[in-house]
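Heads up: the sequence lines are chains A and B, in that order.
Take the first sequence: its position 209, counting from 1, is numbered 209 in the working numbering, and each next residue is one higher.
Whatever position you read off the second sequence (first residue = 1), add 455 for the working numbering.
There is no bait here: all hints are sound.
Result set (SDA-like, lysine to any residue): computed pairs, CA atoms no more than 25 angstroms apart in a straight line:
| no. | chain 1 | residue 1 | chain 2 | residue 2 |
| --- | --- | --- | --- | --- |
| 1 | B | LYS564 | A | ARG119 |
| 2 | B | LYS691 | B | VAL527 |
| 3 | A | LYS455 | B | GLY609 |
| 4 | B | LYS689 | A | VAL109 |
| 5 | B | LYS691 | A | THR86 |
| 6 | A | LYS455 | B | GLU608 |
| 7 | B | LYS598 | A | SER110 |
| 8 | B | LYS564 | A | MET117 |
| 9 | A | LYS455 | B | LEU602 |
| 10 | B | LYS564 | A | SER64 |
| 11 | B | LYS598 | A | VAL109 |
Simulated from the structure, these hints should not be mistaken for lab results.
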Amino acid sequence: MKTWEKRFPKALAALLVVLFVGLGASDGGVVKRRSLAARTVRDNVQKLRAKRAVARRGVPRYASDRVLIRFRPAVSAAYGEGLLETYGFPSIRRIPAIGVYSVRTAPGVSVTETLAMLRRNPSIMQARPDYAARLAENPNDPYFPVYQHNLYNRGTFIDLGGGISFQTTAGADIKAVTAWDSVKGDPDVVIAVLDSGVDMTHPELAAKIVSPGHDFVNDDDDATDDRWHGTLVAGIAAADTDNSVGIAGVARNCRVLPVKVADAGGSGWYSWVMDGIIWAVDQGADVINISMGGEYDDPFLEDACRYAYDNGVVVVAAAGIDATAVLYPAAYDDYVLAVAVSDYDDAIDVDSPFGPEIDVAAPGVWIMGPIPQWAAGEGNPPYGFASGTSFAAPHVSGLAALILSAKPWLSPAQVMGVIRYTADDINRAEYPGRDDHAGYGRINMERALAPYILK
Amino acid sequence: MIKKRGRRGLLFFPAVALMLAAGGASAAESNIKMLAAGLSYDHFSRTVAWEGDEASSKILFHRLSATADFGVGNGLVLSLSAGLSLSDFAALTFGSLPISLEFGGAPLKGLALGAELVAPVHKRGDFEIAAAGRFVYSFGMSKTWPLEGFAVEGNARGMSDCMETAIGPRVSYLFFGRVVPYLEVSVRWLWADFGMTETLGDLVGEERKQVGGDISFSAALGADAKVSDRLLVKAKGGIVPFAGGVDGSVSIGILYGF
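Start from the sequences and build out the full structure, keeping to the hints where you can.
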């Protein structure tokens, strides 16, 4: 009998051979992991808040225990079913009319593994996941499918009357419907609308108003709209949605804080805007929408924007009024997202401002929104259509509110980054990459809110 | 070339670990009654809820190892193994990152070390009851994915470690001599740690997820078969039930006795 001393070297040699052959393909991540540990500085708040985000996740993309299979036409049903039985699937169900089999995956074997295995079989023509379907959960707001091409553009002909009609391009929208599968908004997330005030009795907004707000024009606590502009802006950002009335808002469940900083003529002083920003921040707003601007750079206005940024508030502003340089405060690039206008064909509007401060574009041509009844005229529905960066900006504010609803721990810089980098480069044929007209592109809510799948 | 040298450095670690283990055994060299070495493959799936997640997701673990069995007297067998692991964290979502990331069939490679100890406790007739304990540690699993379709370039880098221990009684039937079937019931404890770093332009996020000690019970049927005087084949298959489903485990090994 051999002794241990004689046997051990042979055993060790055999092991080393196996190890060297096998481990040559290793990713060898030990050193890399150490560097991750050194860089991992997130605090526990993030971990705790993860619960909230996950709870809001949508349904899985496909069934985790089932796949669908179709055999090649030459394969008989008997042979095919016999073949499936040899795989040991716990259950096999045939959908005869279309020659498809639904099989339950073996315990412990993932859909991915099962599909990979089946696709290697030459008798099988198609093996696919059993994808999740969802009820037609488009909001039931009656104007949504007809006029809100900005949220969901199916490529329809829209006739607004008065000789205004246009054909839209399918897909030229901000992907709101698919994004809402992930996030519909948190009522605790508030969008301050610094504008001409808001009609707080409007059926689209009455339930969404946090408080009567503040009127810096008349210096009182009633920010009622005496123009129509602010009401329409507020409605685009966060109209009451799925309420069988009117339109859908981008941030369906978020709320609005009205701040009146423009008078009935549509004008306001910088000091009103500064006061409005600081007041909204102090009231706990999460996002500030400013659909107005001025031509003059002013350090006090910039300081007000910095105050919001430093206090964790995302500021979104309309880039301007016509095809000229970006106005202030939109031009304060470090603290404010400047929004340009795209249209129903995903083209940048000819009247859209331009400049290096442009961050993103959003739909802003013939956008439907609520307006006060007195503005609509007696007997008319209290809704109107308007164009301009004023109405592009609240799309971005709504998206910022949805991002913060899902991930309240993100900083303004991170929210701004998500909005910028998930945009669609709609004018890439002319200006590939970031440019001064569309910025990073037209916002894409789905890409900003739905998980990216690692494959 | 530089990268290859880095890998070689890592390759020695499991080998050294085995040598150290063997060195420890040599202190009691007079007790070594059997030595066998070979290859083994293990697979298990575990449905777990990561801390902070309300939805469960599945870990699919594969391991190919070099294995050595040391018989150290009184029927006690110590197995040490080292090898490659491949882990798939299906449906795991990193929802705290600026852009949420979800696994959709993206296995991670890593290294794995394992140890198993079987200690006979009682023998009656053709039946033997033993205590069996097992430990597998997979580490250094990492992978980088490009993040495509965004306005700026970016990538996601995931790194994970996981560890599973199991302990429980094994009842073997010795009647057949060269083939020893057995039934094993185990308590299994799983720990896993997963760090994900996301970089998209100047947007950087990090998220760490953990399974802090998921306990489950499993039942397995297995057999050790002496194909020849020197060749031993081991096979085992088991189930790990959980509320709403069942996970599975399979292992097979072939060893050459010295």
